[in-house]
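Enquirer: Based on the sequences and whatever the hints tell you, model everything.
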Amino acid sequence: MKPKVAIFDLTDCEGCEVQIVNSKFIDRILAGVEFVHFRLGQRVNRWDNFDVAFIEGAVITSHELELVKKIREHSKLVIALGSCACFGGIAAITNFMDKEEAKRYVYGENADKIETLYIKPLPEIIKVDFMIRGCPIVPEDFERVVSDLFAGRIPREHTRPVCMDCKSKGNPCQLLKGVACAGPVAYGGCGAPCPSAGVPCDGCRGPLEDPQITAELELLKKIASKDDIIRLFRKFAPMAPIFKEIGGGKL
Amino acid sequence: MIYDEFVTQIEGHGRIYFEIKDGKVVEARLEIHEGSRLFESFLRGRRADEVPQMSSRICGVCPVPHNMAAIQALENAMGIEASEQVKMLRRFMLSSQMVQDHALHLYVLAAADYLNVNGVADVYAKYPEAVKRCIRIRTVGNRGIELVGGRAVHPVNSIPGGFAKLPTRADMEKIAKDFKSIMNDCIETFNLFASLKYPEFERATEYLAIDDGKHFPVYAGKLVTNKGLNAEAKDYRKHIKEEFKPYSNTKFCTINGHGFHVGAIARVNLFKDRLNPTAKELLKSSPIKFPSDNPFHNNLAQALEMVHYCEEAIKIAEELAVKLKDEERPKQTKAGTGVGVVEAPRGTLIHEYTVDNNGIVRDANLIIPTGMNTTNIEEDLYALLTANVNKPKEELKWLACQLFRAYDPCLSCSTH
Numbered sequence: 004m005k006p007k008v009a010i011f012d013l014t015d016c017e018g019c020e021v022q023i024v025n026s027k028f029i030d031r032i033l034a035g036v037e038f039v040h041f042r043l044g045q046r047v048n049r050w051d052n053f054d055v056a057f058i059e060g061a062v063i064t065s066h067e068l069e070l071v072k073k074i075r076e077h078s079k080l081v082i083a084l085g086s087c088a089c090f091g092g093i094a095a096i097t098n099f100m101d102k103e104e105a106k107r108y109v110y111g112e113n114a115d116k117i118e119t120l121y122i123k124p125l126p127e128i129i130k131v132d133f134m135i136r137g138c139p140i141v142p143e144d145f146e147r148v149v150s151d152l153f154a155g156r157i158p159r160e161h162t163r164p165v166c167m168d169c170k171s172k173g174n175p176c177q178l179l180k181g182v183a184c185a186g187p188v189a190y191g192g193c194g195a196p197c198p199s200a201g202v203p204c205d206g207c208r209g210p211l212e213d214p215q216i217t218a219e220l221e222l223l224k225k226i227a228s229k230d231d232i233i234r235l236f237r238k239f240a241p242m243a244p245i246f247k248e249i250g251g252g253k254l
Numbered sequence: 002m003i004y005d006e007f008v009t010q011i012e013g014h015g016r017i018y019f020e021i022k023d024g025k026v027v028e029a030r031l032e033i034h035e036g037s038r039l040f041e042s043f044l045r046g047r048r049a050d051e052v053p054q055m056s057s058r059i060c061g062v063c064p065v066p067h068n069m070a071a072i073q074a075l076e077n078a079m080g081i082e083a084s085e086q087v088k089m090l091r092r093f094m095l096s097s098q099m100v101q102d103h104a105l106h107l108y109v110l111a112a113a114d115y116l117n118v119n120g121v122a123d124v125y126a127k128y129p130e131a132v133k134r135c136i137r138i139r140t141v142g143n144r145g146i147e148l149v150g151g152r153a154v155h156p157v158n159s160i161p162g163g164f165a166k167l168p169t170r171a172d173m174e175k176i177a178k179d180f181k182s183i184m185n186d187c188i189e190t191f192n193l194f195a196s197l198k199y200p201e202f203e204r205a206t207e208y209l210a211i212d213d214g215k216h217f218p219v220y221a222g223k224l225v226t227n228k229g230l231n232a233e234a235k236d237y238r239k240h241i242k243e244e245f246k247p248y249s250n251t252k253f254c255t256i257n258g259h260g261f262h263v264g265a266i267a268r269v270n271l272f273k274d275r276l277n278p279t280a281k282e283l284l285k286s287s288p289i290k291f292p293s294d295n296p297f298h299n300n301l302a303q304a305l306e307m308v309h310y311c312e313e314a315i316k317i318a319e320e321l322a323v324k325l326k327d328e329e330r331p332k333q334t335k336a337g338t339g340v341g342v343v344e345a346p347r348g349t350l351i352h353e354y355t356v357d358n359n360g361i362v363r364d365a366n367l368i369i370p371t372g373m374n375t376t377n378i379e380e381d382l383y384a385l386l387t388a389n390v391n392k393p394k395e396e397l398k399w400l401a402c403q404l405f406r407a408y409d410p411c412l413s414c415s416t417h
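Protein chains in written order, with our numbering: chain A, 4 to 254; chain B, 2 to 417.
Treat the hints with care, since some could be wrong.
[Said to hold, decoys possible] Here are the simulated lysine-lysine pairs, DSSO-like style, with alpha carbons at most 27 Å apart:
hint, chain 1, residue 1, chain 2, residue 2
1, B, K127, A, K27
2, B, K324, B, K22
3, B, K178, A, K172
4, A, K229, B, K332
5, B, K235, B, K335
6, B, K166, A, K225
7, A, K130, A, K72
8, B, K166, A, K172
9, B, K285, A, K5
10, B, K22, A, K180
11, B, K127, A, K7
12, B, K178, A, K27
13, B, K22, A, K224
14, B, K242, A, K172
15, A, K229, B, K335
16, B, K133, A, K5
17, B, K223, A, K102
18, B, K324, B, K175
19, A, K170, B, K166
20, B, K392, B, K178
21, A, K7, A, K72
22, B, K273, B, K316
23, B, K332, A, K225
24, B, K246, A, K102
25, B, K178, B, K223
26, A, K180, B, K166
27, A, K116, B, K242
28, A, K170, A, K180
29, A, K27, B, K175
30, B, K392, B, K239
31, A, K7, B, K133
32, A, K27, B, K332
33, B, K127, A, K180
34, B, K326, A, K180
35, B, K246, A, K116
36, B, K175, A, K172
37, B, K178, B, K316
38, B, K133, A, K27
39, B, K235, B, K88
40, B, K273, B, K285
Rather than coming from a laboratory, the hints here were simulated on the basis of the structure.
Expert: In structure tokens form, the structure reads like this:
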């Protein structure tokens with residue numbers, strides 16, 4: 004029997020789902036699983052029990068808050084897909100602002116009709132079995148996790164910083180150039196696309212399990228202003244542990 | 002009557018609500034429930050050089066146009082003039098995005114409607130060759146974006162003034178060949194979508210796209226319509242009005258109080274004479290003629306554009322394979338306000354930023370294609386339901402969803 008899979012998207016850009024479509028295994032995935040619930044991909048969707056549910060996006064409305072609890076009840080495994088699900092994502096920058104004022108700037112006098120919750124990462128709301136990080140995820144990570152799951156293995160966490168990806172690509176070090184870069188403390192495995200393109204890593208995959216944050220901050224303070232350090236960590240994974248503290252101004 | 006689940010096979014979360022009383026449509030509403038991320042708020046206080054990367058997060062389906070509109074707006078604000086080579090590379094990135102994004106919408110989201118199957122997995126089960134064609138097209142489109150932008154989803158390499166790193170002439174030669182290898186797939190896509198049966202429906206409306214006086218719309222230009230609007234992009238607020246409706250998180254746009262249509266159909270209706278030669282030839286043989294006032298024909302216009310933009314990508318890549326050179330990137334010269342306009346797959350996209358003397362963004366305003374289309378979608382819905390009011394309700398529901406989907410809406414973008 005084909006594994007029963009659900010893919011849900013909350014409020015987000017759907018870029019991680021696009022990366023699933025970009026996977027070189029996409030034809031095998033289309034043929035090899037049963038999509039029980041997949042709003043983006045099909046008309047008829049059911050609330051059967053899912054073997055695996057992928058949840059992409061941030062919980063911004065109370066509807067979404069109820070939805071993720073319902074998904075948890077229906078699913079053997081829940082995988083958080085991308086930095087919005089794992090770490091609140093870019094929209095969680097508003098957690099550090101006056102949210103009412105932020106809404107008023109966009110919606111004026113109608114601001115009170117717009118619901119925007121304090122954005123919590125998915126693991127703070129429901130039990131999450133695994134996280135596929137990144138803004139967006141990289142297809143290779145998705146392929147790795149899916150292969151592991153369907154072979155009955157528990158996927159492994161990466162343990163290396165983005166710096167290792169950079170080294171293997173032969174990229175010049177951004178920090179040595181004097182540019183504020185989150186690479187040494189950021190969770191790697193992405194292939195370092197940002198430094199490879201000549202711009203610093205902004206830690207979209209969140210922190211390593213044991214980041215050398217004191218050393219990183221000491222280094223950053225020599226080359227960047229306090230505001231720039233805050234901006235660096237208050238970006239694509241602003242609610243990730245430690246990033247949240249630095250992004251909140253605790254330097 | 003409410004279509005009580007979110008509409009499927011579109012980007013983001015929205016519903017259609019309509020009400021029929023005594024055989025008359027009394028209400029037709031587009032309810033967009035996508036959560037509000039408040040981009041315009043949190044982009045304030047960010048450095049100008051990080052904003053294009055952040056803006057691209059508005060949409061993972063069409064990140065390139067957001068990236069490009071932001072860069073153009075910031076350059077206009079800060080008095081930076083990009084070189085002709087940089088603009089060519091930007092048109093190349095946008096063309097690559099158009100090709101891969103249209104393939105996504107046509108094969109993954111819209112095809113199921115016309116083939117009358119449940120979704121993309123069924124399309125694959127029944128028509129594996131078509132899906133493989135889609136994968137081939139998308140792979141090359143992605144490669145094009147990646148080559149110049151550093152990454153296919155959410156480019157990192159493009160910044161105000163130009164690019165952090167340039168591709169090589171050999172890269173451009175290789176990618177030109179890659180695009181040539183999918184030209185036939187694009188043509189077959191057009192032939193497939195030209196052979197489909199579209200719902201019979203017509204409603205004349207105003208079509209808007211950008212015009213740089215030379216190219217089929219893609220990067221920068223004036224705002225023009227078939228009803229005579231011809232305005233500088235920076236004056237967009239004078240012409241395009243945004244209105245809040247309590248049932249929707251996305252604002253509704255109008256020109257002179259009525260809806261207007263942006264997107265592939267608008268571009269083809271307005272500028273079909275500027276299409277590249279192969280696309281122009283195909284259009285001659287097409288059973289469906291443009292300009293068309295049938296919104297479902299937007300899907301055929303997308304297929305036609307795939308051919309055009311594929312040819313455009315080849316043209317630019319071949320030219321740069323010969324003359325690409327290293328250039329110095331121009332720097333910020335002033336503080337100020339600037340507007341950027343590009344064509345996204347779904348239509349005209351406007352970004353506006355104010356940058357202070359320290360290079361920090363102080364104000365942001367974004368108008369997104371699907372936001373521009375909202376009023377027109379409601380007007381179309383009303384007319385379509387009225388024309389079919391005697392049909393069974395399930396059929397009406399489906400027709401309404403299919404119309405909505407034909408616009409290739411992006412609700413995350415529109416709410417942002």
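Enquirer: Evaluate each hint against the coordinates.
Expert: Here's how the hints hold up against the structure:
{"no.": "1", "hint": "B/K127 / A/K27", "in the structure": "holds, 20 Å"}
{"no.": "2", "hint": "B/K324 / B/K22", "in the structure": "violated, 65 Å"}
{"no.": "3", "hint": "B/K178 / A/K172", "in the structure": "holds, 26 Å"}
{"no.": "4", "hint": "A/K229 / B/K332", "in the structure": "holds, 24 Å"}
{"no.": "5", "hint": "B/K235 / B/K335", "in the structure": "holds, 17 Å"}
{"no.": "6", "hint": "B/K166 / A/K225", "in the structure": "holds, 26 Å"}
{"no.": "7", "hint": "A/K130 / A/K72", "in the structure": "holds, 9 Å"}
{"no.": "8", "hint": "B/K166 / A/K172", "in the structure": "holds, 15 Å"}
{"no.": "9", "hint": "B/K285 / A/K5", "in the structure": "violated, 46 Å"}
{"no.": "10", "hint": "B/K22 / A/K180", "in the structure": "violated, 69 Å"}
{"no.": "11", "hint": "B/K127 / A/K7", "in the structure": "holds, 20 Å"}
{"no.": "12", "hint": "B/K178 / A/K27", "in the structure": "holds, 20 Å"}
{"no.": "13", "hint": "B/K22 / A/K224", "in the structure": "violated, 67 Å"}
{"no.": "14", "hint": "B/K242 / A/K172", "in the structure": "violated, 48 Å"}
{"no.": "15", "hint": "A/K229 / B/K335", "in the structure": "holds, 24 Å"}
{"no.": "16", "hint": "B/K133 / A/K5", "in the structure": "holds, 22 Å"}
{"no.": "17", "hint": "B/K223 / A/K102", "in the structure": "violated, 35 Å"}
{"no.": "18", "hint": "B/K324 / B/K175", "in the structure": "holds, 15 Å"}
{"no.": "19", "hint": "A/K170 / B/K166", "in the structure": "holds, 18 Å"}
{"no.": "20", "hint": "B/K392 / B/K178", "in the structure": "violated, 50 Å"}
{"no.": "21", "hint": "A/K7 / A/K72", "in the structure": "holds, 18 Å"}
{"no.": "22", "hint": "B/K273 / B/K316", "in the structure": "holds, 18 Å"}
{"no.": "23", "hint": "B/K332 / A/K225", "in the structure": "holds, 24 Å"}
{"no.": "24", "hint": "B/K246 / A/K102", "in the structure": "holds, 21 Å"}
{"no.": "25", "hint": "B/K178 / B/K223", "in the structure": "violated, 33 Å"}
{"no.": "26", "hint": "A/K180 / B/K166", "in the structure": "holds, 15 Å"}
{"no.": "27", "hint": "A/K116 / B/K242", "in the structure": "holds, 20 Å"}
{"no.": "28", "hint": "A/K170 / A/K180", "in the structure": "holds, 15 Å"}
{"no.": "29", "hint": "A/K27 / B/K175", "in the structure": "holds, 20 Å"}
{"no.": "30", "hint": "B/K392 / B/K239", "in the structure": "violated, 41 Å"}
{"no.": "31", "hint": "A/K7 / B/K133", "in the structure": "holds, 23 Å"}
{"no.": "32", "hint": "A/K27 / B/K332", "in the structure": "violated, 40 Å"}
{"no.": "33", "hint": "B/K127 / A/K180", "in the structure": "violated, 54 Å"}
{"no.": "34", "hint": "B/K326 / A/K180", "in the structure": "holds, 24 Å"}
{"no.": "35", "hint": "B/K246 / A/K116", "in the structure": "holds, 10 Å"}
{"no.": "36", "hint": "B/K175 / A/K172", "in the structure": "holds, 21 Å"}
{"no.": "37", "hint": "B/K178 / B/K316", "in the structure": "holds, 11 Å"}
{"no.": "38", "hint": "B/K133 / A/K27", "in the structure": "holds, 11 Å"}
{"no.": "39", "hint": "B/K235 / B/K88", "in the structure": "holds, 19 Å"}
{"no.": "40", "hint": "B/K273 / B/K285", "in the structure": "holds, 11 Å"}
Violated hints, in rising order: 2, 9, 10, 13, 14, 17, 20, 25, 30, 32, 33; the structure is consistent with all others.
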